[in-house]
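Q: First to last, the sequence lines map onto chains A and B.
Oh and the first sequence: position 178 is 271 in the numbering used here, straight run, nothing missing.
Oh and the second sequence: position 371 is 464 in the numbering used here, straight run, nothing missing.
Don't read these hints as lab results, they were simulated from the structure.
Mixed in with the good hints there might be a few duds.
Since copy identity is lost for identical chains, a pair holds within one copy or between any two.
Straight-line distance between alpha carbons at most 20 Å, and here's what the computed EDC-like set of lysine to aspartate or glutamate pairs gives [said to hold, decoys possible]: (1) 435 / 343; (2) 428 / 315; (3) 428 / 127; (4) 240 / 264; (5) 435 / 406; (6) 240 / 250; (7) 428 / 118; (8) 435 / 118; (9) 435 / 142; (10) 435 / 214; (11) 428 / 124.
2 protein chains.
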Amino acid sequence: MRVGVIGGGQLARMMVPAAVELGIDIAVLGEGPDASARLAVTAIGAAGDADAVLAFARDVDVVTFDHEHVPQPVLAALVEAGVAVRPGPGALAHAQDKLVLRRRMDELGVPQPVWAEVADEAQLTAFLDANGGRAIVKTPRGGYDGKGVRVVTTGAEAADWLADGPLLAEEVVDFRRELAQQVARRPSGELVAWPLVETVQGGGVCREVIAPAPHSAGRIADLACDIAMTVAEALDVTGVLAVELFETVDARILVNELAMRPHNSGHWTIEGATTSQFEQHLRAVLDLPLGATGCRDPWSVMVNVLGGPEDGDLDSRVPGLLAEHPTAKLHLYGKAPRPGRKIGHVTVTGEDLDDLVFQARAASARLSGTA
Amino acid sequence: MRVGVIGGGQLARMMVPAAVELGIDIAVLGEGPDASARLAVTAIGAAGDADAVLAFARDVDVVTFDHEHVPQPVLAALVEAGVAVRPGPGALAHAQDKLVLRRRMDELGVPQPVWAEVADEAQLTAFLDANGGRAIVKTPRGGYDGKGVRVVTTGAEAADWLADGPLLAEEVVDFRRELAQQVARRPSGELVAWPLVETVQGGGVCREVIAPAPHSAGRIADLACDIAMTVAEALDVTGVLAVELFETVDARILVNELAMRPHNSGHWTIEGATTSQFEQHLRAVLDLPLGATGCRDPWSVMVNVLGGPEDGDLDSRVPGLLAEHPTAKLHLYGKAPRPGRKIGHVTVTGEDLDDLVFQARAASARLSGTA
Numbered sequence: 094m095r096v097g098v099i100g101g102g103q104l105a106r107m108m109v110p111a112a113v114e115l116g117i118d119i120a121v122l123g124e125g126p127d128a129s130a131r132l133a134v135t136a137i138g139a140a141g142d143a144d145a146v147l148a149f150a151r152d153v154d155v156v157t158f159d160h161e162h163v164p165q166p167v168l169a170a171l172v173e174a175g176v177a178v179r180p181g182p183g184a185l186a187h188a189q190d191k192l193v194l195r196r197r198m199d200e201l202g203v204p205q206p207v208w209a210e211v212a213d214e215a216q217l218t219a220f221l222d223a224n225g226g227r228a229i230v231k232t233p234r235g236g237y238d239g240k241g242v243r244v245v246t247t248g249a250e251a252a253d254w255l256a257d258g259p260l261l262a263e264e265v266v267d268f269r270r271e272l273a274q275q276v277a278r279r280p281s282g283e284l285v286a287w288p289l290v291e292t293v294q295g296g297g298v299c300r301e302v303i304a305p306a307p308h309s310a311g312r313i314a315d316l317a318c319d320i321a322m323t324v325a326e327a328l329d330v331t332g333v334l335a336v337e338l339f340e341t342v343d344a345r346i347l348v349n350e351l352a353m354r355p356h357n358s359g360h361w362t363i364e365g366a367t368t369s370q371f372e373q374h375l376r377a378v379l380d381l382p383l384g385a386t387g388c389r390d391p392w393s394v395m396v397n398v399l400g401g402p403e404d405g406d407l408d409s410r411v412p413g414l415l416a417e418h419p420t421a422k423l424h425l426y427g428k429a430p431r432p433g434r435k436i437g438h439v440t441v442t443g444e445d446l447d448d449l450v451f452q453a454r455a456a457s458a459r460l461s462g463t464a
Numbered sequence: 094m095r096v097g098v099i100g101g102g103q104l105a106r107m108m109v110p111a112a113v114e115l116g117i118d119i120a121v122l123g124e125g126p127d128a129s130a131r132l133a134v135t136a137i138g139a140a141g142d143a144d145a146v147l148a149f150a151r152d153v154d155v156v157t158f159d160h161e162h163v164p165q166p167v168l169a170a171l172v173e174a175g176v177a178v179r180p181g182p183g184a185l186a187h188a189q190d191k192l193v194l195r196r197r198m199d200e201l202g203v204p205q206p207v208w209a210e211v212a213d214e215a216q217l218t219a220f221l222d223a224n225g226g227r228a229i230v231k232t233p234r235g236g237y238d239g240k241g242v243r244v245v246t247t248g249a250e251a252a253d254w255l256a257d258g259p260l261l262a263e264e265v266v267d268f269r270r271e272l273a274q275q276v277a278r279r280p281s282g283e284l285v286a287w288p289l290v291e292t293v294q295g296g297g298v299c300r301e302v303i304a305p306a307p308h309s310a311g312r313i314a315d316l317a318c319d320i321a322m323t324v325a326e327a328l329d330v331t332g333v334l335a336v337e338l339f340e341t342v343d344a345r346i347l348v349n350e351l352a353m354r355p356h357n358s359g360h361w362t363i364e365g366a367t368t369s370q371f372e373q374h375l376r377a378v379l380d381l382p383l384g385a386t387g388c389r390d391p392w393s394v395m396v397n398v399l400g401g402p403e404d405g406d407l408d409s410r411v412p413g414l415l416a417e418h419p420t421a422k423l424h425l426y427g428k429a430p431r432p433g434r435k436i437g438h439v440t441v442t443g444e445d446l447d448d449l450v451f452q453a454r455a456a457s458a459r460l461s462g463t464a
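Modelling step: build the complete structure from the supplied sequences, incorporating the hints.
A: The following block contains the structure:
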């Protein structure tokens, strides 16, 4: 069994340990020799280079992804060549294009923010007038980690982006917190869900995840699980699906975005769940039976490590972290620190949530050079 | 930070996930391109080939081992060349030569079986006469997994081995069970112990491990921990040390053998302990602060997967195992199945020991083709 991963970022990197343990061969098409997943890189090429992608895919049993940025024509060429592509192009379109996503969620009756496709300033102004004078505008494609997202109060504020094509306008949701629901689905239909988690964002980037989401048992968790399972089946997702959600102040659950690959909101599963998202993704795309998804401890807390204000010698900060936090599990991505760049994460699990949050934040800050 | 591992077996293989997560570069000197640790193999060569080992060591910060079979002259050449070798040659000698081990344990006052060095049949006969007419004879070097070990009742039964040099003769210990105590030690002296475990052998090969060892809290666990810590410090072991022990029917603890590397008795730590033996070994040989060693669940049970009576298509047996045992964690070593060969292991953790033993054995048997 040989899995090929397009893209050599940290998500591909973290598939490597799972593949090694399961006895699965893994190959990665990396962006360069210094890709985060470099240990498993067998070919170098861009995700948009059809020739490179096709050549890479020739030696593997199934192709999956580190990111959503493989163009549809390249995906179509893979399918045309008889390659098993999981998730498939039809599913991936909903993670690549936010307008495609919004239309489909409406068709499925899945709750989401009020939205509109706006092609010019007049249409955006009309949307603003109808929605309290503020809106989030998003470029339909290519945005991530806060890029391609802007809050506007006038149509003119999006004029530059409108010059390149229609935008997605969304109401500014009055949310209490953000949540994420992960599920995994096999081509043969088996579908399992991890516990709902709470995600804490800052500057458009995921900062912390608490699993399970506090105070969410019952209706909220059921709603989130139903939504994610509905989406996974309707879109024929294979592999891991993360559904990012808003919990509104009036206790509704709205779909924010989708990711069809392992996702930052699921890094806690490496230590915190019986089956990690990385192992499960490999099992799912190979159509192997899925593993148990329960929590191994009452609480898991994951805090990202972002490059700090001064980049510098990350290695020199590791001993202090390890000495002060002997129960913290450190994950480093082999990426050069730059301010704000995700370069690793720390997970702690146990019974005392307050203490775990303290430990995980302190450990992460140690590495960012902010402690 | 770059660690070089001499030997590409499953122990090197299982260091790879730990290295990836910690952001440590790992390089392996493998026996061939199909080594179990092939993903991290950067050079091919025999552990006895000084030129190959020296060339390999040039590119790493510290050298450690998948096995004990690097000859002392090669180790000496590494030290001579200024390479950090962990554990060092002086410590490794005790894992390479059982006579060296026995002499040193006596010097340290560590309890062990009655033993003698026997150079000929007459000396072995004298040992038999003094010890109830039965003895275990062992070749001092090169034995493992039941090889190089024989039970004899007459001197003549070891004549073939005696032709090659002196042997170790040991009393046949009347033991209740076998135990193993693992510790990890850094060059700077930090020393930590995992809980004592029970090991179940069959045909000279480790079959099962239960962690912690049932009914061992208190005196037995304290004795075992004291012995392992004494040995680690006296021998200046760096990295992980496993001390295989007999618990006698009259409740004594005797040292059987040592391993100065990750060991089969510690595979349970991947899921069962806060810090796995593989992560800890890397931390220890890099002189990084060591991680917490407590159990994550009340019980962990590890069962080896041995090649079954019919070799054949291992891949075809994996789906059944995964489907029937969704909580079992499967580890495959990428080795071709041959009868009796260790090709993987399965670990389950939880609260109900009887059920865990049942699950782990059933899952393992599924893969061996014996279920």
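Q: All hints, please: hold or fail.
A: We went through each hint and held it up to the structure:
1. 435 / 343: neither (33 Å within a copy, 57 Å between copies)
2. 428 / 315: neither (38 Å within a copy, 43 Å between copies)
3. 428 / 127: Within one copy only: 8 Å inside a chain, 29 Å across chains, cut-off 20 Å.
4. 240 / 264: Within one copy only: 18 Å inside a chain, 72 Å across chains, cut-off 20 Å.
5. 435 / 406: within (15 Å within a copy, 41 Å between copies)
6. 240 / 250: Answer is within: at 16 Å inside a copy they meet the 20 Å cutoff, but 77 Å across does not.
7. 428 / 118: between (23 Å within a copy, 12 Å between copies)
8. 435 / 118: Intra 27 Å, inter 19 Å, cutoff 20 Å: inter-copy only.
9. 435 / 142: So residue 435 and residue 142 fail the 20 Å test inside a copy (26 Å) and across (42 Å) alike.
10. 435 / 214: Close neither inside one copy (35 Å) nor across copies (68 Å); limit 20 Å.
11. 428 / 124: Classified as within; 13 Å inside a copy, 31 Å across copies.
Going down the numbered hints, you'll see the structure goes against 1, 2, 9 and 10, while the others check out.
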